[in-house]
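Novice: Protein sequences appear in the order of chains A, B and C.
Numbering of the first sequence is given in my numbering, commencing with residue 59 and proceeding in unit increments.
Numbering of the second sequence is given in my numbering, commencing with residue 665 and proceeding in unit increments.
Numbering of the third sequence is given in my numbering, commencing with residue 2 and proceeding in unit increments.
Take the hints with a grain of salt, since some may be wrong.
[Unchecked claim] In silico PhoX-like cross-links for lysine-lysine, where the CA-CA straight-line distance does not exceed 20 Å:
id, chain 1, residue 1, chain 2, residue 2
1, A, LYS145, C, LYS54
2, A, LYS158, C, LYS294
3, A, LYS160, A, LYS145
4, A, LYS145, A, LYS158
Bear in mind the hints are in silico, worked out from the structure with no lab data behind them.
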Amino acid sequence: MSRHVVCRVEDLPDGAHLIVDTGGRVGVGVYNIHGEYVAVRNLCPHAGAPLCRGILSGAPVSDSPHERSWAYDGEILKCPWHGWEFKLPEGITLTDPPIKVKTFPVIVEDGMLVVDMAPAARPSPPAQATAL
Amino acid sequence: MSTLHDVSPETQASTDADVQVPIEVVDCDIHVNPKTGTELAGYLPEPWVGRGFRELLYGGGMLGTSVIFAPPNDGRRLDAFSEAGPPGSDPAFTSRQLFDEAGVDVAIIVPLTEKSSANPEHEAAMAAATNNWIASTWLTQYNGHGRYKGTIRVSTDPELAVAEIEKWADHPHFVQVMLNPYAGGAFGLPHYRPVYEAAIEHDLAVCTHVTLQRPGPALLTTLGAPSYFLENHVQFALLYAAHLTSMLCEGVFERYPDLRFTFSEGGYSWVLPLLWRLDRHWRELREETPGLQRLPSEYVRDQVSFTRQPVEEPSHLRHLARVIEWLGPKTLEFSTDYPHWDGDYNTRHGFVGVPPEVRAQILAGNAIEKYRLSPTRSGRHWSTF
Amino acid sequence: MSPSVDFQGLSLAELARKTLADAAGDHPPTFPVIDASVHPRPRVDELREYLPKVWQGRRLPAGDRYYYPNPLGDSIRESFSDAGPPGSDPALASRLLFEEAGVDRAILTPLTLGLLPDGDLLAAICSATNEWLARTWLGEHNPHGRFSGTIRVTPTRPEAAVAEIEKWAGDPRFVQIGVPLQSLQLYGTSPFFPIWEAAARHNLPVLIHADAETGVELAPTPAGYLRHFLGFAAYNPINFVNHLTSFMVGGVLDRLPDLRLVFGDGGYDLCVPLMWRVDKDYRPMRPDVPWMKRLPSEYIGQHVRFIAHSMEGPDDAVLDEWLEMGGAKSTLMFGTNYPSWDFFHPSAAFAHVEPEGRERILATNAIELYGLSAREEN
């Protein structure tokens, strides 16, 4: 099964996520990041944690010691084990060298969010909430 | 990648089969907690209860995690929080994450509910409360399956420490004694001898574990105050290197060939270059240290081990396998550090290039030997006990 | 301290049990060797002449770390002479290093007198030491041009340190800045930044090296004092980790891409596993130090050099592999540590490392770091 219906579009507001059983070992977390949808494999590429049990937050950034500003509000998924920070919807660590968690596109069909697990190799732009 | 989150077929299928299964994973470092301070307060010994000491526990001040440095994720893995209580406080939830999900067969509890305090008698009372509590709960009430083993917490005062060891020596599930690495001086100092002697007499292993580090000076590096937790985390290795150097130079291992000593959670690979240094210095300077009759590295290979978590992650993963080969397979033991944020909950992670028989030794064999564990356990699922 | 002092009829030189001759190996290098670690030392009366009047009457510590006496003696036997304590005789050092040990050029690092409580005095001692070095070892005793020097500064007086750097930076005989390993405050913290900035501005590496005296300092380990020289000598160099980590988390290396650090007491052997650990910590702890942009280990190649010591590292069977694992063939420099008891003889150093790697460690890395030009035969 390569497509999984998640929920109605309006049931996943900005900042919300749902963990969906996709028939594999770990499932995916489906996130609404400021109107962009993405499905994230629920497995941290570092040590195998259930990544989507982590908190969605922002991150302090800085270009100069002792100066901090808050960025990426609501876009940083922090691993519940070791705290690695993945920026969504891209799924890439804030730290270099970058490491990516596996992500899948989410499309809107008839008012429903659908995870498309098939085109793993084909990058596809995240669905836009404007499709509403 | 392992199937971390699957219930293993073996544990699922064997709920009613009372057959023995081999112990393949011993977790040498887990931390359990009371659900509240009240739970622990009930185990305080007199005369401390009468002196109002118990009330100290209720505010959380004595049980709270130090936030002088703020570890990621509030110091615990977030998926260990549950409605059943704080991480590591509920036996069913803990058993599910450790035994079912991480595949641990036997877990050694190192309770951190006693922390440094200036008054060694106060510390002894807290150690006694901790030991009383885990003896009656995690090592008895929750332990029908016998898969939890315990560590005796002691005061930094050697005399009080020995008394506490004597109290628990015959308990079937206490398997080691823990020394606090932050107070009382380097572990080679002669005043620790009675503690080592008591442990050896009762066939208990001895370990040390980084713990809630209240004494301010203990947080300094040798070259000044750290600013960030990362610096403090690096200190774990330098602290243990100091204790190990002290024990070697003062002749602890020469004097006590039956001592089995473990450094918990301080890293591993640094031991190799430290031993190269010590061996080279010993070849030149051994007249100064009559307590070292052999190469320092030989004592370590025979008597000292290190728990693995947080496992080092070289960019070339095979490098760790080389270090294990050079230090010898007996020196390393698997541990998760459950339920802490920096735990190693994956028994496959970090073994690239390690031969299967060495991996088996690290996962279980070394600990079975050190802690005198049975090599098998009942195949029944823990929830049926 | 002078060689005329006797103990049971033996001079101090005779009491020194380690010799340069015994340190020699069977593999003299076939290329010119750069010795990045030679420690000249002014006699106390000599140093006093270079101090301002206000300090000339002040008694000074001897520069001996007596708290951990070395049963083998602090210096090699050949380094004793009638001219003064080991390290005080440039003619003797030239003969031993250039003629007997086969060194081609030497970087001179006089040690200062530890963390003296009065930082003003320490700054004055640094200035006097630099002036002395410039006139003697780098001046009248340097007709061969084989000596290059280190500008000593005290981080406890950042303004004086910067002024001292500005004073000497234009003198090509000085090739680096030198500061003590010992400190009451980690070097990556903000009070010290102007010093590192000045060093980077002048493209001068900063050597961090344990100083010669026990001053007002913390215990050498986080578990307090070790009680034997054996343990102290093996352990103390690894304290470099604290400063190195501090430079990283303090953002100093990100702010100063040209800053180069040289750890003079060794430690490359421990750098490998410690970077594994810090690398692992960096990803979770980035939010604490968001100005830090790279994995810790990635700063090493660009910013950090170690001076090799005779008392560290694995046996020959493993050495080559360990060097490769830590990228040490491009970060390690050779130093004899003259006149110290643990003299590293070029003919014994890295003798079984493949030739290209050995030449990098014994020569090329230092030539590149210090920008040494080819020496004219003299």
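Novice: Indicate, hint by hint, whether the structure satisfies it.
Specialist: Going down the list of hints, with the structure as the test:
About 63 Å separates the Cα atoms of A/LYS145 and C/LYS54, which puts this hinted pair outside 20 Å; it is violated. About 18 Å separates the Cα atoms of A/LYS158 and C/LYS294, which keeps this hinted pair within 20 Å; it holds. Only pairs whose Cα atoms come within 20 Å are accepted, and A/LYS160 paired with A/LYS145 is accepted, the gap being roughly 12 Å. Our distance criterion of 20 Å between C-alpha atoms is met by A/LYS145 and A/LYS158, whose separation comes to about 9 Å.
In this structure, only the earlier hint numbered 1 is contradicted, and the remaining ones agree with it.
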